[in-house]
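Protein chains in written order, with the working numbering: chain W, 2 to 153; chain C, -8 to 779; chain A, 7 to 196.
Be careful, since some hints might not be right.
Unchecked claim - The calculated lysine to any residue pairs, modelled on SDA-like cross-linking and capped at a C-alpha distance of 25 Å, are:
| id | chain 1 | residue 1 | chain 2 | residue 2 |
| --- | --- | --- | --- | --- |
| 1 | C | LYS450 | W | ASP121 |
| 2 | C | LYS450 | W | GLU130 |
| 3 | A | LYS116 | C | ASP142 |
| 4 | A | LYS55 | C | GLU136 |
| 5 | C | LYS568 | C | GLY534 |
| 6 | C | LYS450 | C | SER652 |
| 7 | A | LYS95 | C | GLU136 |
| 8 | C | LYS450 | W | LYS3 |
| 9 | A | LYS95 | C | ARG46 |
| 10 | C | LYS87 | C | ASN22 |
| 11 | C | LYS760 | C | ALA471 |
| 12 | C | LYS719 | W | ASP25 |
| 13 | A | LYS55 | A | SER97 |
| 14 | A | LYS148 | A | GLU12 |
| 15 | C | LYS770 | C | PRO668 |
| 16 | C | LYS719 | W | GLN123 |
| 17 | C | LYS565 | C | ASP627 |
| 18 | A | LYS95 | C | THR103 |
| 19 | A | LYS116 | A | ASP73 |
| 20 | C | LYS623 | C | ALA471 |
| 21 | C | LYS770 | W | GLU130 |
| 22 | C | LYS760 | C | ARG398 |
| 23 | A | LYS55 | C | ILE50 |
| 24 | W | LYS3 | C | GLY60 |
| 25 | A | LYS95 | C | GLU695 |
| 26 | W | LYS3 | C | GLU118 |
| 27 | A | LYS95 | A | GLU51 |
| 28 | C | LYS760 | C | THR648 |
| 29 | C | LYS85 | C | TYR153 |
Worth flagging that the hints you see were computed from the coordinates, not collected in a lab.
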Amino acid sequence: MKVTLTVNGTEHAVEVPANTLLVDLIRVNLQLTGTHVGCDTTQCGACTVHLDGRAVKACSMLAAQAEGAHVTTIEGIGDPENLHPMQAAFREHHALQCGFCTPGMIMQAIDLIDNNDGLDSQTIREGLEGNICRCTGYHNIVRAIESVANAS
Amino acid sequence: MSEALEDTGETGIGAPVRRREDLRFITGNGNYTDDLNQPGQLYAVFCRSPYPRARIDGIDCDDALAVPGVVAVYTGQQMVDDGIGDLPCGWMVKSKDGADMLSSPHPPMAATVANYVGEPYALVVAESLQAAKQGAESVYADFTELHVVVDLATATASDEIYEGIPNNLAYTWALGDEDATRMAFAKAAHVTTMDLTNNRLIPNAIEPRACLGMFESATGDYTLYTTSQNPGLERLVLSAFVQVAPEHKLRIVAPDVGGGFGSKIFIYAEETAVIWAAAKANRPIKWVAERSESFLADAHGRDHITHAELAMDEMGRFTGLKVQTTANLGAYLSTFGSSVPTYLYGTLLAGQYKTPNIYVEVQGAYTNTAPVDAYRGAGRPEATYVVERIVEQAARELGKDPADLRRMNMIQPEEFPYETPVALVYDTGNYEASLDKALDIIDYAGFEARRAAAAEQGKRRGIGFACYIEACGLAPSKLAIELGAGVGLYESGEIRVNPTGSVSVFTGSHSHGQGHETTFAQVVSDKLGINYDDIDIIHGDTGRMDFGLGTYGSRSLAVGGSALVAAADKLIEKGKKIAAHMMQATPEQVTFEDGQFTLQDSNQSMSIQEVAFASYVPADYPEDLEPGFAEKAFYDPNNFTYPAGTHIAEVEVDIETGVVSLEDFVAVDDFGHIINPLIVHGQVHGGVAQGAGQAIMEHGIYDEYGQLQTGSMMDYTMPRADDLPDFKVDTTVTPCTHNPLGVKGCGEAGAIGSPAAIMNAITHALGIKDISMPATPEKVWRAIGGNS
Amino acid sequence: MEQSGEYRIAARREDVWSALNAPDVLGACIEGCQRVEKLDDEHFEVAVKAKVGPVSATFNAALELSDIEAPVSYTINGNAKGGAAGFAKGSANVHLDEDDGVTVLRYGVKANVGGKLAQVGSRLVDGAARKMADDFFAEFSKRLDPDSVAVATAATDTDAAEEREFEKSGGWLMWVVAFVGLAIAVILAF
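Required output: the full structure, derived from the provided sequences and hints.
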């Protein structure tokens, strides 16, 4: 089937089998490999992208469900010369180590900032409940998100 | 952020430099194995045994081969028939009677008998992942179930799994003076006894294992991209032992690797089978584990049952420690599985204390479960758990403050080097300094007030300590090889100053989250006085660097970093000769500092870049010197390094629900000199989180039939952000005495001290002697009198 | 896994009994059933295919009946293999009582599962098996009496610590139901 969607501002019409997951369309068909697959069961959040402005786990929705949607992946929010404030904060606060969960974590963090007022450490921790990081113990991730929340 | 971690723009040793590798990770430009593809690649899916022990009477591949897109089905028996060898265990541990350990045969894929659930016995390769999955669903193996051994407590009394391995025992290993220890107990004024379990953990790096194997038939070259912590070792084992390909024809690349924690050290069936199959199919083959495969077939960690006794005199001074441990090895001896519960465990049982007599005996038992091997800490968390739980309990029994009892027994700074009764020589330390600092940060004096406040909220608050020591940067090679290690413990490093003055650094260490690309550049920049940004750190590709042993056991900086210092020293020596020639002096008259070669008592000097240029364009150059400006070094440490510190946990237990909340956690660690404090703090945070996971949540459980009950992230609980507090991390410094940087290892300490500290806090809160890890709400609730 | 339950079926006991022993009736009540073959009075073979998305598995079950007391009860031992999806094995019993013209069917299953089935976790398998049982009996009752549906009057899950003794009874169909439930559960989960 053909799925038409906008990814990082570019419209794509992609021919995929009907059972294709959104994350596979992003990684395999569009070759945007910043979005990762960590668990296959919606538990780890490494596949988190934005769908029409809200964070979703791309491993557990079909590509077809994104028909007509605007999808933003980690590649769409900034690049090394022009980092998104959340990307810059993750680096400044050493909020990543192996980097595998990081794209999903950043996309979730941006969602938290965009959709909440007055984020504090506890609400940030609760908001990250769907994303597992095995490296950082979350301490520095919370600091990074706090710094962006306080700046905005 | 504390002042020490503010970015000042400095890049030398000790500066909290922001990591250079982050730029690719935060922008989605990382290069992980699953991000790589080759034209014409096939996809592999493994068929795995659903039985914990079963004979394979036949495999029917006809239906699988009929699935459109399926190219081939390869079986374990075919690998054996092709002459592919067993996956070896790299450390020959001897039993206390001197006998060699008994190894079970371990073909990469099960050929005749499968010995744990999830063990692969065939792989299907197909044009698409979907076809490979369908193919794997259509392979029918004819299994005959055999009796199983699952329970560790009864494993050594169960029927044999392997012919010729009586009592399912690989070895009964012992260390220490048994008679002297017995005498100490005979004279003891008080003996504290504990029975402890160290729960099985499943590592769960967030990147699942993956590989991409290629074979070039025209040249006979093999290339294997794989999620490995030590590509050099992987190449050695796959060529010398498994004999998949000759070493010079096999290139192993471990690109960006998404976390390891030990689980990506080992040589696994999957990458072995994939590189073998790639040559058979003459097509690139890619395999990526699904998470459920990671649970089944990644090596697990810990899993000990221990009986321990601590003898004390009337003052509370420790006079003897006896430890009897049964360690679960799983169905096969994994790459380093034999050494973890022996040399990395028994040797650490002195802890920070002057206990004069120690005797430990370890039974390594086979069970029909996934192999058990190193997981963050590897043996040292288990040792620390025994020592620090029993010491805390002794304090309670003696009515002493647990900090005071520890202090009384600690090795004092002036007593180093200190030889323990369990074979190690601690080079340096100041244990009370860490303890004092930790007590101060946690506000120990204020605990009772916090406890009272919690009680008013219906919560029980407890505090617990762990004063751990660990040994990392495993060494030296000669001793380890005498003790049965199959490889050396050195590391390689090469520094090439290029003709333009930029620097390419090659290290046998591998970075999969530790930030070597930053830290090692800081070291080289500092040593050579070359701009940090002009230095590139290259690792993870056997096609580019010398043989090296990779990253495990918190060794990278202490061993790999020291190799780079040694290479830098060689470069400086050569540079002095070149500069002396050009400045018409002798090398002895030339000094080197901050990137400048200076002629003593003159205003003449040359930059290292000028010297490098002269070496590549040798117009005015010493006749007896080779051109070029690159040096390599293999560094073999002459001792372990001994990080030590104090971890203190405070917990609150909700009496209604049994939920344990980790309220506060202080870690004060002595890692010697620190190259990058930002990275060191991060390593501690991550280690503590995994230790907290072990204490409160994580448990790999097999049912009585040998089926893994915790086979997904829904069933195996790991810490999430709202399960953990902010951590309070600080350091003390006694520099390591025997490596050039004065550094120790920081990667595992967090996971080593924290489980004991947290469990001491929980048992303190509950007023009970013990509760087994993990202290789940149900267990705690029952322990405090909930209905059972 | 242990499960027990009870259904009221608006049919005479003899009719229920004969339906339980009629392969075609049973096969029709199980979605995805490819084959129910009665080898002799004590031995049956069943194949059920389940498919969701890219994953499919065929479970082949060999069933053996014993302690047959027509039309009241029997015991069954079974072993179902699903290749990569895993396996299930164990025993079950079914007992039929008459109650005012209605047949009360009580069943108890003790099974253990392996491979992916076990990894899914018993909570999922139990739920799926329960739902399959309910669906099966709804369809089964409808066939016996088009105006009625089976009513699950009681159902309990027991864990190993609280094992129940079931009276000698039989009902090999529960195996079909349980296995299909397990198969569906695993496929939905992966």
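Hints and how they fare:
1. Simply put, LYS450(C) and ASP121(W) have alpha-carbon atoms about 24 Å apart, close enough for the 25 Å limit, and the pair holds.
2. Taking the CA atoms of LYS450(C) and GLU130(W), the gap is near 24 Å; set against the 25 Å cutoff, the hint holds.
3. Simply put, LYS116(A) and ASP142(C) have alpha-carbon atoms about 21 Å apart, close enough for the 25 Å limit, and the pair holds.
4. For the suggested pair LYS55(A) and GLU136(C), the alpha carbons sit about 24 Å apart, so the restraint of at most 25 Å is met.
5. For the proposed pair LYS568(C) and GLY534(C), the alpha carbon gap of about 31 Å is over 25 Å, so the pair is violated.
6. Among the hinted pairs, LYS450(C) with SER652(C) is consistent with the structure: their alpha-carbon atoms are about 10 Å apart, no more than 25 Å.
7. Taking the CA atoms of LYS95(A) and GLU136(C), the gap is near 12 Å; set against the 25 Å cutoff, the hint holds.
8. For the suggested pair LYS450(C) and LYS3(W), the alpha carbons sit about 57 Å apart, so the restraint of at most 25 Å is broken.
9. Of the supplied pair hints, the one linking LYS95(A) and ARG46(C) holds, its CA atoms being roughly 17 Å apart against a limit of 25 Å.
10. Among the hinted pairs, LYS87(C) with ASN22(C) is inconsistent with the structure: their alpha-carbon atoms are about 47 Å apart, more than 25 Å.
11. Distance hint between LYS760(C) and ALA471(C) is unfulfilled; the C-alpha atoms sit about 38 Å from each other, more than 25 Å.
12. For the hint pairing LYS719(C) with ASP25(W), the CA-to-CA distance comes to about 40 Å; that exceeds 25 Å, so the pair is violated.
13. At roughly 22 Å between alpha-carbon atoms, LYS55(A) and SER97(A) fall within 25 Å of each other, so this suggested pair holds.
14. The straight-line distance between the Cα atoms of LYS148(A) and GLU12(A) is roughly 17 Å, inside the 25 Å bound, and the hint therefore holds.
15. Under the criterion of a C-alpha separation no larger than 25 Å, the hint pairing LYS770(C) with PRO668(C) is inconsistent with the structure, at around 38 Å.
16. Between LYS719(C) and GLN123(W), the direct Cα distance comes to roughly 17 Å. Compliance with the 25 Å bound is thereby established for this hinted pair.
17. Restraint check: the Cα-Cα separation between LYS565(C) and ASP627(C) comes to about 22 Å, which is no more than 25 Å; the hinted pair holds.
18. Annotation: proposed proximity of LYS95(A) to THR103(C) holds, straight-line Cα distance about 23 Å (limit 25 Å).
19. Distance check on the hinted pair: LYS116(A) and ASP73(A) sit about 17 Å apart at the alpha-carbon level, within 25 Å; holds.
20. Taken as a hint, the LYS623(C) and ALA471(C) pair is honoured in the structure, with Cα atoms around 24 Å apart against an allowance of 25 Å.
21. Between LYS770(C) and GLU130(W) the CA atoms are separated by roughly 24 Å; this keeps the pair inside 25 Å, and the hint holds.
22. For the hint linking LYS760(C) to ARG398(C), the alpha-carbon distance of about 22 Å falls within 25 Å, and the restraint holds.
23. Restraint check: the Cα-Cα separation between LYS55(A) and ILE50(C) comes to about 20 Å, which is no more than 25 Å; the hinted pair holds.
24. The hinted pair formed by LYS3(W) and GLY60(C) meets the criterion: a straight-line CA distance of about 22 Å does not exceed 25 Å.
25. At most 25 Å may separate the alpha-carbon atoms for a hinted pair to count; LYS95(A) and GLU695(C) meet this at roughly 15 Å.
26. Distance hint between LYS3(W) and GLU118(C) is fulfilled; the C-alpha atoms sit about 22 Å from each other, no more than 25 Å.
27. A hinted pair counts as satisfied when its Cα atoms are at most 25 Å apart, and LYS95(A) with GLU51(A) qualifies at roughly 14 Å.
28. Among the hinted pairs, LYS760(C) with THR648(C) is consistent with the structure: their alpha-carbon atoms are about 20 Å apart, no more than 25 Å.
29. Among the hinted pairs, LYS85(C) with TYR153(C) is consistent with the structure: their alpha-carbon atoms are about 19 Å apart, no more than 25 Å.
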